[in-house]
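Taken in sequence, the protein lines are chains A and B.
Under the working numbering, the first residue of the first sequence carries the number 1, and numbering increases by one thereafter.
Under the working numbering, the first residue of the second sequence carries the number 1001, and numbering increases by one thereafter.
One should not assume that every hint holds.
[Stated by the list, open to error] Incomplete in silico selection of chain B near chain A, CB under 10 Å:
hint, residue
1, S1031
2, D1033
3, D1042
4, Q1094
5, P1101
6, L1113
7, R1114
8, S1115
9, R1116
10, G1119
11, Y1121
12, E1139
13, P1197
14, R1212
15, S1215
16, D1309
[What the hints assert, rightly or not] In silico DSSO-like cross-links for lysine-lysine, where the CA-CA straight-line distance does not exceed 30 Å:
hint, chain 1, residue 1, chain 2, residue 2
17, B, K1278, A, K371
18, B, K1278, B, K1199
19, B, K1045, A, K223
20, B, K1199, B, K1266
Since the hints were made in silico from the structure, they are not lab data.
Using N, Cα and C, we set each Cβ at its ideal position, and we do this for glycine too.
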Amino acid sequence: MNMKNEAGSKDVPAAVREDSDLVQVLDAEGNVLPQASVPDISDRQLLELYETIKFARHFDQRAISFQRQGRLATYAPMTGQEGSQVATSLALAEQDWLFPTYREHAAKYAHGMDLASLFEPLRGYREGYAIPDDVNVMPEYIPIATQVPQAMGMAWGHKLQGKTDTAVLCHLGDGATSEGDFHEGLNFAGVFDVPAVFVCNNNQWAISVPRERQTASETIAEKAQAYGIDGVRVDGLDPLAVYKVASAALEKARNPGPGELRPTLIESVQYRFGAHTTADDPSVYRDESEEEAWRDRDPVDRIETYLYNEGILDSDLESEIQDSIEQEVSEAIETAEQTETSPDNIVEHVYEDVPARLEEQRDELNRLREKYDDGAFSEVLE
Amino acid sequence: MSSTASTQTGQNAQRLTLVEAIQDGLYTEMSQDDSVVVLGEDVGKNGGVFRATDQLYEEFGEDRVIDTPLAEAGIIGASIGLAQTGMKPVPEMQFMGFMYPAFDQIVSHAARLRSRSQGQYSVPMVIRAPYGGGIRAPEHHSESKEAFFVHEPGLKVVSPSTPYDAKGLLAASIHDPDPVIFLEPKLIYRAFREDVPTKPYEVSLSEAAVRREGSDISVYTWGAMTRPALIAAENLSQSHGIEVEVIDLRTLSPLDVATITDSFKKTGRAAIVHEAPKTGGLGAEIATTIQEEALVHQEAPIKRIAGFDAPMPLHSLEDYYLPQAVRIQDGIRETVDF
Ligand SMILES: Cc1ncc(C[n+]2csc(CCOP(=O)(O)OP(=O)(O)O)c2C)c(N)n1
């Protein structure tokens, strides 16, 4: 399924240009490349892909501005990465599991997480981490690469119990490939041939450290070979290509053909357009011109052009979609802003039952809250 | 902060924040000793996510201020190896909550290479890590797990509470022949300024500081909690005439047992304030030490004012988790009124 891209063309970021094995469906503008095959999905599914990517872009912009207004704490933006996040999630079957990082807001949403609950942890409420029973998403992973062996383990558990219709999809960053957990997880995945798909969102940067400082190997996908699993490199700003590669890998995880391996490492080649988090200033460590070259391949524009070309989208439908997205996001932040909590929550869910000593600690706090008022606790500690 | 190089001339001291004092301390030590190298995630070009290594990359170059791959076990394991060649590595762990991948390298090797080799090899290095809560950080970014390291023989554990001490303790740590875990209270990284000498100096790793003298009760604390403890002491002096002696431990391992017990012998009462979970925290060690050394002076039960035996909540509740001045005052009064 590999496609040659327009090798050598100007303004194509080196990371995309150099690899002739990069899977692509759309060119930088959104036109289908000669010889490329478009994934076999309905117009309705294509629109869903588009809408969700557009939604992600809007969510991201709003979240950044809410953070600046002091309505959210530190936020990890995803602009540039939405196409890959959404396409991988839409490739999942409902019973498949998702292991997201702190940046996979859109991936979580697309696999069934409620929108308001994405905002709640950013407002400091752990309540938003609660995951409904019918949604197969793990809580977001903040310690880097720790999800990799766990995702492998869940896939293994399904396999050991004969649940071969369920695959596990695990996100990670390019920085994560440096951690021991990454290597241990992938090694197990190969040894036990588990139904897992690992998606490395190679956005070229781990905070200020470039991909070349994470590994001396030419690509991340080639690491798969060392673990005896499949490795694929895909244009992560091309939602159709990502959808195609992820669906194929998930299908193979569930139903490997004769001699086929279940696990796959997908290197989704993309770029973080903005800051690492709202606490980060990328101008300190990288050149703006680098970002501009990648901006020309924006996943939102590419899928949009494709849908216009196909006659699936027109300007009326586009603005209708945009309006409903804006409304949905506004409502969600309003809902999130109404979340209430109580200091009692500190001791909840640490164990199934609150141990006596922890109960004492809670009672002591409540005694003090009654004696002084809550304002006494919100005094800045400094 | 302007380039440290330009502020070295002229005055004998500059008014620095705690994080600037650490930067200045690194600058001073690196200028004096070519074997000192800084390494870690984002410490180079970016100057550290808290800017603790700001300007060092420009000043000393990429072979002494080294951006590493994202791998804590790699950073600490490599530092142990570097130390064997006579270099003085000062690795940064970006947040204490992300030190755990390196835990095996720290406790199984850095801490005990000296004893494993019967004194033949040692690991002089300083592992810096921002720790503690109160800055509205995401999950895993507010850990205060100093007890893990205090529990490990062979390590020294240090936590400054003032800019002056930060520079002096860092210098002493870098000069120390053993591995030091240098825990930086990030809540007070930029909370206040203080005169910090431009010249090199050390603050000893064997002495606690008496931050405030008092006769009624001894309060033992360190790091970011020193400030609310001092505020509570002032408030109680004014409102109830209770005179609190506040001891800032500074070095958590080995403990300055003499200063701890001398103060207790004077006051007969003790409270320990830390933001780490109460159970198994350093407070338990201090209370027991006092009982072993000075039981006959004791006039009231020893009080621990600590974090909960629960994970640090997200920021909407962290003010309730961390010992605030009111909680400290209340605990002190309970002990004094016993
Ligand atoms: C074990 C661990 N070490 C350090 C950190 C601090 N940190 C948070 S994100 C990050 C960079 C991650 O880069 P990458 O894996 O490429 O993912 P990206 O953020 O680019 O999506 C670092 C160093 C962490 N969260 N966990």
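Hint by hint, here is what the structure shows:
Checking S1031 of chain B against chain A: minimum C-beta separation of about 23 Å lies over 10 Å; hint violated. Proximity of D1033 of chain B to chain A is violated relative to the hint, the smallest CB-CB distance being about 26 Å (cut-off 10 Å). Of the supplied interface hints, the one on D1042 of chain B holds, with its beta-carbon coming within about 5 Å of a beta-carbon of chain A, less than 10 Å. Contact between Q1094 of chain B and chain A, as hinted, is supported at the beta carbon level, the nearest pair being about 9 Å apart and thus within 10 Å.
Here the hint on P1101 of chain B is kept, as its CB sits about 6 Å from the closest CB of chain A, short of 10 Å. Interface hint at L1113 of chain B: violated, since its Cβ lies 20 Å from the closest Cβ of chain A, which is beyond the 10 Å cut-off. Checking R1114 of chain B against chain A by beta carbon gives a least distance of about 25 Å; that is not within 10 Å, so the hint is violated. The beta carbon of S1115 of chain B comes no nearer than 25 Å to any beta carbon in chain A, farther than 10 Å, and the hint placing it at the interface is violated.
Taking 10 Å as the C-beta cut-off, the interface hint given for R1116 of chain B is violated, the closest approach to chain A being about 22 Å. Hint status for G1119 of chain B relative to chain A: violated, with the closest Cβ pair at about 30 Å, above 10 Å. Taking 10 Å as the C-beta contact cut-off toward chain A, the hint placing Y1121 of chain B at the interface is violated, the least distance being around 24 Å. Taking 10 Å as the C-beta contact cut-off toward chain A, the hint placing E1139 of chain B at the interface holds, the least distance being around 6 Å.
For P1197 of chain B, the suggested interface contact is broken, since its CB lies about 24 Å from the closest CB of chain A, more than 10 Å. Look at R1212 of chain B: its Cβ only gets to about 18 Å from chain A, farther than 10 Å, so that hint breaks. Interface restraint check: S1215 of chain B against chain A, minimum CB-CB distance 26 Å, threshold 10 Å, status violated. With its C-beta approaching chain A no nearer than about 5 Å, D1309 of chain B sits inside the 10 Å limit, and its interface hint holds.
Between K1278 of chain B and K371 of chain A, the direct Cα distance comes to roughly 22 Å. Compliance with the 30 Å bound is thereby established for this hinted pair. Distance restraint check for K1278 of chain B and K1199 of chain B: the Cα-Cα separation of roughly 39 Å exceeds the 30 Å cut-off, and the hinted pair is therefore not satisfied. At most 30 Å may separate the alpha-carbon atoms for a hinted pair to count; K1045 of chain B and K223 of chain A meet this at roughly 27 Å. With a CA separation close to 36 Å, the supplied pair K1199 of chain B and K1266 of chain B exceeds the 30 Å bound.
When held up to the earlier numbered hints, the structure conflicts with 1, 2, 6, 7, 8, 9, 10, 11, 13, 14, 15, 18, 20 and fits the remainder.
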